[in-house]
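Per my numbering, the sequence shown runs over residues 13 to 1210.
A couple of the hints might just be wrong.
When the alpha-carbon atoms are kept at most 25 Å apart in a straight line, the in silico DSS-like pairs for lysine-lysine are as follows [to be verified]:
{"#": "1", "residue 1": "Lys-327", "residue 2": "Lys-925"}
{"#": "2", "residue 1": "Lys-327", "residue 2": "Lys-129"}
{"#": "3", "residue 1": "Lys-95", "residue 2": "Lys-83"}
If you're looking for bench data, these hints aren't it; they were derived computationally from the structure.
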Amino acid sequence: MSHHPNQASPERQRNSSRFFTENRHVAWVALVFTLLWGLYGYLGMPKSKDPHVPERVAAVVTPWPGASAEKVELLVARRLEEKIAENSKVRKIDSLCRGGVSVIQIELDEAARDPGKEFDDIKLKLDAVRDLPQGAGPMEFMKDFGDTAALMLTVASPPAGEVDVAIRAREVRQAIETARAGAGPGPRLSGVVCLPRELNPGYLERQVDLVARHLADTGAARDIRPLAGPAFWGLDLATSLSPEELLARVDAFLRERLRVSELHPDVWDIALIGDPAQTEERLRLVAGDKYTYRQLDDYSDLIKRSLQGVPQVAKVSRSGVLAERVYLEYSQERLAAYGAQFSQIDQALNARNITLPGGMLEVAGRGLAVDPSGEFKSEADIGEVPMAASPSGAPVYLRDVVEIVRGYEGPPSFLNFFGQRDSSGQWRRHRAVTLAVSMRPGEQISTLGREVDRCLEGLKDRLPHDLIIARTSDQPLQVKESVDLFMNSLYEAIVLVVLVALVGFWEWRSALLMALSIPVTLAMTFGMMHLLGIDLQQVSIASLIIALGLLVDDPVVAGDAIKRELDQGQPRLTAAWLGPTKLATAILYATITNIVAYLPLLILSGDLGRFIYSLPVVLTCSLVASRVVSMTFVPLLAYYLLRPSRQRPDQAGPRRGFPALYARVVCWSLRHRWAVVGIALVSLGGGWFIMQGVKSQFFPNDLSYLSYVEVWLPEDATLAATHEAAQEAERIIADEAQAWGREHSGPDGRPSRALASLTTFLGGGGPRFWFSISSEQQQPNYAQIVVQLDDKHHTEAFLARIQRRLSAEVPGALIDARRLETGTPVGLPVAVRISGEDMGQLRSLAAQAKEIFWRQPLAERVRDDWGEEAFKVKLAIDPEKANLAGVTNLDVALSSAAALSGLPIDNLRDGDKLIPIVVRLRQEERAQLSGLGDLLVHAQAGPQKVRLNQIASIHQQAETEKIKRRNQFRTITVSCFPVEGALPSQVLEAAMPALERLRTSLPPGYRLELGGEKEEQDKGFGEMAVVMLVSVAGIFLALVAQFKNAVKPLLVFAAIPFGLVGAWAGLAVMDQPFGFMAFLGVASLIGVIVSHIIVLFDFIEERREEGAPLEQALTEAGIVRLRPVMVTVGATVLGLFPLAINGGPLWEPLCYTQIGGLTLATLVTLILVPVLYTIFVRDLKIIAWDSAPQPGLPDRNP
């Protein structure tokens, strides 16, 4: 102990406190350099919203067009999984097998130090696979699958302008009036479709003709006359149908006969015009976007290439680009009439479209390259390719055999749309392309934002002035708001701490001393943070706020000790260093216990450990800085600031006020110590009941402007069906936003905008704009809608509101409105995984699990991730008939693929773009299943051709469209969501008995595992329990080393259970769930509580060595420690309130845990610890107490 009689006299000691007070010039220079170091560290630290968690996820995508999900699983996924599993660092392999594609996600073990190296090893193993089936591949290995975009820029087309609509209306009106000039009396309607002026209007001629014939054949119209112009095509007709009925007939025909999903996407919707005078009004209602997909491709490509030149940008990717195609559309009759084969078309194009060099010539000492012409420059060049000669000897060109159409991928596999309110307040949807911008590691995100703005500003003259460029995810802005918010919370906490000190000390000098110590300590902390490579983000800033009450503890204790020395008559210079010196050991061990309470958090592994890593590091830095400041700069500043009290301690009268009340309470408690212990035990029992009523939640959702809506349709749904469901979801969201705006008006009384934008991705997930989101791979039955609100505090309530309508009003779709997660990503909140081999058995077990969840009143939106079986068309080829006809199974597959989906055979180069040339059957001939039997199968090795129904039978069969696997076993996941107001833990708690019964009844070879929040929570809480045990053990050893006694640490730990009761009470009062952050608060409470008791024990030991009676020593030690303890606890508690109020859901549980725990534990520390100490001395006789004064020690008054 610092007061041991054999210890050297403090006056003869040389330490840092004495050095800094006696060498004040050196001390002031050190102080200035410390402040400059802190400023340099603060400005130099990279800033981000959340801690950087490195991704350890990669994906392998292997297409196999036409193959069933089961074949993809058996012949592709399993073989690749076996190779991937050869890497010892692979922790999890999740496979998705769909018809035509295998997607495997690889997650490395958290111990993998170099993910890039491991992924390279896996790729080498996969490249060595040579036994994939014919037609499967090529494999695409994506190491950057888990990268998060720092910025999402959505480039969208504005609507067609008023001038363009007016010009088109004039042309259309003139065509209608001309067509009706010779028409008879009676009502007439004109249906007009507009298209971009650069698109050949003849593109629509055949489709319009087919519609006209259909309407005439069904009696829906008569006297049909064509309408044509430079940028439109249509029909004028007489009909008895209303415009709505006629439009419904046309829509039904387009869906059933012409595959509406393959119509040109740049074409406007149909405008029905009765009165020609209303032409402009009708066209304005259906006006499409101003810029085509091709133009959006060009504009976004220019932006992408420009952004890649920004030094802070690592990568730019685009989503929503609609790929172009050149289609060679053939009619079976025409192809047969010319005797043409697919192989002939392929051979003719490959012979004509060449890029091979023609060699080199040497002329007069110079080398001349020979460049044979022949590469296609346009669609017209393709049409000029000779095919054969007609019977008359005239040449036959490709344009005579097929119709050459330049368009887009049809049907499209992925689309992007952007929605916002226009200047009139109406919701408008635009076609779009989204760019995801990733930042280089270690760069400042604020600098990235400025440089991107500067780059876009420089492109203004090269882009249309009305092109929409919206930041649909803006991390630079989010980071600025987050850092500003947390820094403001830090400033507010500092002000509160200073006010507490002013009230507690009731003297401006002591309060100013503590106030000055805070920026010095923070400066030293910032310097150490920068040195250790810690970013400035919400966890590190929150750590500073949490540490604020701790880092003032040492300066408060040191300043109070200096003040007491001054009051004892010591000179200012001596008192400035003597006070901290006497308490040096106590302060050191108090600091050590606080560090030991937090530092074991570094034990946490994986993403959770990386997310929370900066908290123990920053807290340790701040505590070390506090210790250094209390022993160096506090003595320096105290020399100039502190003065002795006007009334010396030996002249003080009877105690008054709160110290007197405290003394009476302690004396009564010591006399009735067993009753006090009984009351304490009862209060602990009450804490147990409080704990039972607190809900559990691993991590809360983030407080963000952004959220997203997932739209799932049945597995066999087309992109067109998904598009309709997504549009309906967008309409509901926009309607609810308008209603919300009316209910939450702005300061001026006008309705608020509420909804800023909607960004929709059809056919797959958009860029990964948040670290906890797992982007869905491309699949036609999925859409993602990114919702951006104006007020992030409305996100939770708004999503709950739209979820009710989305679930009720979009039939046939599963729609989930999801908030962004924070901490460890959980994904599905409630989930169970069932693994086995037999698909039928797995589906049966999944049905039982779903029934369990459906029976829970707190569960909703129950589903499994395999979906329902889908019908497939099976071609059963008769080998004998096929052999007699001279065709093979390969011929059948190629002919079927070419007719229905299209068969790529070559490429057209347009600038730096390669546009695939695809041969396929004409639109009207491939749209119906009933015509499949009439498909002509062409032999590749000869002129033979035969109808498909002559060599094969065609039937439909239900089969699994999607198979999921986990770690090389088929796995089906059953999941659900809690109803509004409930937590996932409540749903699972109610369902667990039935799930356990299902688990015990599983057949051999099958297993049931809990996923979702429960899986992550068990892992996180298990590690936190280890952290707490290590922390308690470390603190115990430190106390044994300090007290040289194994019993006294048990007295110190006596207050800890009451801190836990206070923590639970804080959560219960504030209606906060117990999760990881609350657990973290509980674990860290131990060190804070113990640190207060250590200094109390130090004063008790000091009075014992001076020979004071036990009761007097306990009372006086409590009075001496009363003010510093109350000041530091008050500072800590009040300092946490700004973080609790402004920090969002992540920090509320931790703050309220510490507020409640510290408040109750402080009362217990000052009352119960003296009581227990007395019991150990008087009753149990475990601790000896000698009242005789130690020789050589003065007997002084307190």
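Here's how the hints hold up against the structure:
Under the criterion of a C-alpha separation no larger than 25 Å, the hint pairing Lys-327 with Lys-925 is consistent with the structure, at around 20 Å. Between the alpha carbons of Lys-327 and Lys-129 the distance comes to roughly 20 Å, so the proposed pair stays at or under 25 Å and holds. At most 25 Å may separate the alpha-carbon atoms for a hinted pair to count; Lys-95 and Lys-83 meet this at roughly 18 Å.
Going down the numbered hints, you'll see the structure goes against none, and every one checks out.
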